[in-house]
Amino acid sequence: MTIISATGLVKRYGEVAAVDGVSFEVAPGESFGLLGPNGAGKSTTMRMIGAVSTRTSGELRVLGLDPDQHGPEIRSRLGVVPQQDNLDTELRVRENLITYGRYFGLPRRLVASRADELLEFAQLADRASAKVDELSGGMKRRLTIARALINDPRMLLLDEPTTGLDPQARHILWDRLFRLKEQGTTLLLTTHYMDEAEQLCDRLVVVDHGRIMAEGTPASLIREYSTREVLEVRFGSEHNAVAAGRLAGIGDRLEVLPDRVLVYASDGEAALVEVTARGLQPLTSLVRRSSLEDVFLRLTGRSLIE
Amino acid sequence: MTATTERSAPRRGAVTALYAGNARAVVGRGLVATRSSNWVVVISGFVEPIFYLLSLGIGLGAYIGTVTDAGGHEIPYAAYIAPALLAVSAMNGAIYDSTWNVFFKMNFGKLYQGMLATSLGPLDVALGEILLALFRGAVYGVGFQIVMQLLGLNLSWTALLAVPAVVLIAFGFAAIGMGITSYFRTFQQMEWIFIVMLPMFLLSATFFPITVYPEPVQWAVMALPLWHGVELVRGLTTGVIEPVMLVHVLYYLAMVVAGLFFTTRRLRALFLD
Numbered sequence: 001m002t003i004i005s006a007t008g009l010v011k012r013y014g015e016v017a018a019v020d021g022v023s024f025e026v027a028p029g030e031s032f033g034l035l036g037p038n039g040a041g042k043s044t045t046m047r048m049i050g051a052v053s054t055r056t057s058g059e060l061r062v063l064g065l066d067p068d069q070h071g072p073e074i075r076s077r078l079g080v081v082p083q084q085d086n087l088d089t090e091l092r093v094r095e096n097l098i099t100y101g102r103y104f105g106l107p108r109r110l111v112a113s114r115a116d117e118l119l120e121f122a123q124l125a126d127r128a129s130a131k132v133d134e135l136s137g138g139m140k141r142r143l144t145i146a147r148a149l150i151n152d153p154r155m156l157l158l159d160e161p162t163t164g165l166d167p168q169a170r171h172i173l174w175d176r177l178f179r180l181k182e183q184g185t186t187l188l189l190t191t192h193y194m195d196e197a198e199q200l201c202d203r204l205v206v207v208d209h210g211r212i213m214a215e216g217t218p219a220s221l222i223r224e225y226s227t228r229e230v231l232e233v234r235f236g237s238e239h240n241a242v243a244a245g246r247l248a249g250i251g252d253r254l255e256v257l258p259d260r261v262l263v264y265a266s267d268g269e270a271a272l273v274e275v276t277a278r279g280l281q282p283l284t285s286l287v288r289r290s291s292l293e294d295v296f297l298r299l300t301g302r303s304l305i306e
Numbered sequence: 001m002t003a004t005t006e007r008s009a010p011r012r013g014a015v016t017a018l019y020a021g022n023a024r025a026v027v028g029r030g031l032v033a034t035r036s037s038n039w040v041v042v043i044s045g046f047v048e049p050i051f052y053l054l055s056l057g058i059g060l061g062a063y064i065g066t067v068t069d070a071g072g073h074e075i076p077y078a079a080y081i082a083p084a085l086l087a088v089s090a091m092n093g094a095i096y097d098s099t100w101n102v103f104f105k106m107n108f109g110k111l112y113q114g115m116l117a118t119s120l121g122p123l124d125v126a127l128g129e130i131l132l133a134l135f136r137g138a139v140y141g142v143g144f145q146i147v148m149q150l151l152g153l154n155l156s157w158t159a160l161l162a163v164p165a166v167v168l169i170a171f172g173f174a175a176i177g178m179g180i181t182s183y184f185r186t187f188q189q190m191e192w193i194f195i196v197m198l199p200m201f202l203l204s205a206t207f208f209p210i211t212v213y214p215e216p217v218q219w220a221v222m223a224l225p226l227w228h229g230v231e232l233v234r235g236l237t238t239g240v241i242e243p244v245m246l247v248h249v250l251y252y253l254a255m256v257v258a259g260l261f262f263t264t265r266r267l268r269a270l271f272l273d
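Protein chains in written order, with UniProt numbering: chain A, 1 to 306; chain B, 1 to 273.
Same shape as in the complex, but just chain B (with noise of 0.2 angstroms):
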């Protein structure tokens, strides 16, 4: 132990109590324990669109052939879903990492708190978790649009974009995951997420249109975060771009301030009182 050391000098002023710039640190952590992460949980998770556009793209479809999309063009049924199934690909991934893992580690395990003993803010360890969730959200997307691509689902060249879409859905969905999980102490909190999250999944213009709603019910529908993401997706895996796609992303941006803000809030609550 000789003291030798050459330390990078810490940053001065407010901020540093909230972030010391490190956040990989956080993400190189995570990724090492990934090996002891469940690899059936991590495959199932990816799997389950999968089965989804399937059964019910390619089984379904042929039963119901074409369908219209928002640009007027006639389009096989598996390639009108198949862009959803690839928001809900993203989100699955991201919230599987940001909301479980994140609930034991905060009540449970110790991680955080030996964190925020060295130097690293709880801005480092939010950011750090989310990317991390983030990753993984990006790798479900990522993988379920090659299979998008083998079969044929990607119509446009502005299919590319959706890539980069997928990522931010992953980061917001990711965000705002561990956001919520932090505040939550039980396992019946916790299960709130899951019963908000499957009619979630069912209505946000997955399967269908919402033009088949009631007003106000569309109005409901809109307002979900999934929603978004479904409708950015399908625009860019059709090619019908349209400017209300910018909407799309700044409810994203929002889901991700919104979710760093609240879960480095709670951690600093939580561990430096």
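Chain A with its partners taken away, still in its complex shape (with noise of 0.2 angstroms):
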């Protein structure tokens, strides 16, 4: 049985289509991305399945069901992470974590003992008496995941999990959230971070106004569209376009960005052997793997993060 099944799924704001025409599917215990720049119909995408909207047109399927007739029963079962923290900041840590919870109609004894094992997990039993705004941002952020496992969800549904927070908080958060992922919960996020798609997702698909222009593993996306090394080299962003007329040839593709080149080669440093063979100096050079960046700029002319 899938969890999410989405065919030709539509939402239309007046004349924009938001989400225009999307097909995927995502199975129990899997991690599934959504990945995309701002605007890309991301967030819209995670508000139907979600249930707290309906949708213009396509068929949706959430754990068997149609949100557009069954939302509460639906949302029931979901833990939600919205993009912004929508805490309680008149209550308590801990207090946050019981009124969810009761929301959902779940007996008091129940939700506290749950919220009792969600603050461990979150690594903030020692804050549960604290007030939401005495919080990090990244301790926010873990609060709002453990509040959305409090009614024991089927699905966690991720928008922007780690937008907004420093290096090591992010890297926290991977961390509880992969610990999820291996307890077998189904994780649905968005983000524009290759990095998080890479750590987090088995398979994703790349949305870029409100379309899905590719479907994969992050391994097999990078196969399929780009090469397995990058070659990064600035000329100075006066002189780069002219440089890379005198690239041509060089690797399998290039790509001309305001402030670097970035050409596309199985062997990096070989290409960049040849660069300097034709007489180019550029000021700095750097040879990487390729990431999911690279597809979604093949994919769209764009980058992710503008």
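Hints were generated in silico from the structure; no laboratory data involved.
All of these numbers come straight from a predicted model, not from anything done at the bench.
Worth double-checking, as some hints may not be accurate.
What the hints assert, rightly or not - Within a straight-line C-alpha distance of at most 25 angstroms, the following computed BS3-like cross-link-like pairs (lysine-lysine) qualify:
#1 A:Lys181 <-> B:Lys110
#2 A:Lys140 <-> A:Lys181
#3 A:Lys140 <-> B:Lys110
#4 B:Lys105 <-> A:Lys131
#5 B:Lys105 <-> A:Lys140
Stated by the list, open to error - Per the computed footprint, the stretches of chain A lying under chain B, defined by three or more beta-carbons under 8 angstroms from a beta-carbon of chain B, are:
#6 31-42
#7 68-76
#8 207-220
Built from N, CA and C at the ideal position, the CB exists for glycine as well.
Build the complex: two chains, separate frames, hints provided.
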């Protein structure tokens, strides 16, 4: 049984199609990502799956049910981590968990014991009676995730889970999410961070302008849409375009960005040797492995973070 | 996170999208959150009508002496305005809670968004928040009535019925207050509520009978909710029971229904598109 199946999913606001014919399936226990820039329609898709937004057309089944018909039933089995924290600032940390559990109609004793487990999981046990506003950004995020787990959901929806967090807080969060994944929780997440998608997603779709551009595992997408390595060379903002003209033929493909030129090649070091052999002196050069960022650039001609 | 939950099966059918039968969770949340509320504001709302009662009822009342009530009895001026201020007290409590508090939650906080991502429906949220505002109005009202009892201003045993009447008045104002507030997006719009409330407070037969006005003005006052509350409560505390009281009760029931209807509709439009 699939946990989510979407076929030709459309959400229109007036003339604008925020989601424009999206189809995908998510299996139980899978960790599935929607990768794309801001405004690609990721959050709108999440809201339809979370049964808080009705679709304009297409088919959608979440946990085997139609969200337009069975909103409360579906919502009771999901955990939702929205893009911006919506913790209850009038309540303290532990009260946030208990109160949220009560919204699902769960008995107080049950949510109280579960709240304590989840505070341990979120590494917030020593902050149980703190005010929400006293928590750091990373702690708030972990509390939001703990709150999303209070109803023991079949699936967790995470909308940009680590956006706005510092690197250390992101790594702590990834570690927690990875543990959930290991326990078999189905994760559906949106992100515009490549490293996040590569760390957490078994499979993902690349979304742009409300449409799916490609689908696959991170590794297969890189294999299909990019080369093994990338050489990044900078000649100074004035000279990149001119230099790029003289790089033709090196590697499989060139991408000229305002601040640098990307040379896609299976062997980046060999490409760099060729560049210097043509008498070009880059200010800086860097050889790295291809990432999903390169896949996105290839598919849309744009960078993810603009 | 063991999967041993006993889930109460969510109800089915079209109505479930609106109502999960769990408004008590919203009320419970509100009571816990009350702790962090601004107590100065809470107490000032309660004390205000008491000051009116002491200054106008006792102070000015000493000059006025007695007035004639609807039943033709001579009663002290304080006993005439006290029931009106009792209705005002319930109104104040309900309106404070259902307007500014709700305004901030609707437009700045994300509380309702979070609630509606759970199995709660918009009617649960609307009813829960309105019951909380009602609770505050009722607490104000009962407190005020205790003051009236101490001052000997409850003239009949039917004053006991003023307690449920005050709850109904608070319910009506809480519902209509939240219904209107849920459509407001700016502070300027919110000011309108209070621009309407002040004249309503002064003119709804609070301090003198509406027979002093020309007839068209009387009709206008009788269209306002507070007048119905004042008449209902005054009849009960002075012991003049009339069939027209049924109209007052129906007026408030209509406010409750309208307030719940519009709040639910608005919450649905805002958070469940």
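Do the hints match the structure? See the list:
Straight-line distance between C-alpha atoms of A:Lys181 and B:Lys110 comes to about 28 angstroms, which puts the hinted pair past the 25 angstroms bound. The straight-line distance between the Cα atoms of A:Lys140 and A:Lys181 is roughly 20 angstroms, inside the 25 angstroms bound, and the hint therefore holds. Straight-line distance between C-alpha atoms of A:Lys140 and B:Lys110 comes to about 14 angstroms, which keeps the hinted pair within the 25 angstroms bound. Straight-line distance between C-alpha atoms of B:Lys105 and A:Lys131 comes to about 18 angstroms, which keeps the hinted pair within the 25 angstroms bound.
With a C-alpha separation of about 19 angstroms, the suggested pair B:Lys105 and A:Lys140 falls inside the 25 angstroms cut-off, and the hint holds. Counting residues of the stretch 31-42 of chain A whose CB falls under 8 angstroms from any CB of chain B gives 0; the rule of at least 3 is not met. Look at the stretch 68-76 of chain A against chain B: 6 of its residues bring a Cβ nearer than 8 angstroms to a Cβ of that chain, three or more, so the hint holds. For the stretch 207-220 of chain A, the assignment as covered by chain B is violated, since 0 residues bring a beta-carbon within under 8 angstroms of that chain's beta-carbons and 3 are needed.
Hints 1, 6 and 8, counting from the list given before, are not met by this structure.
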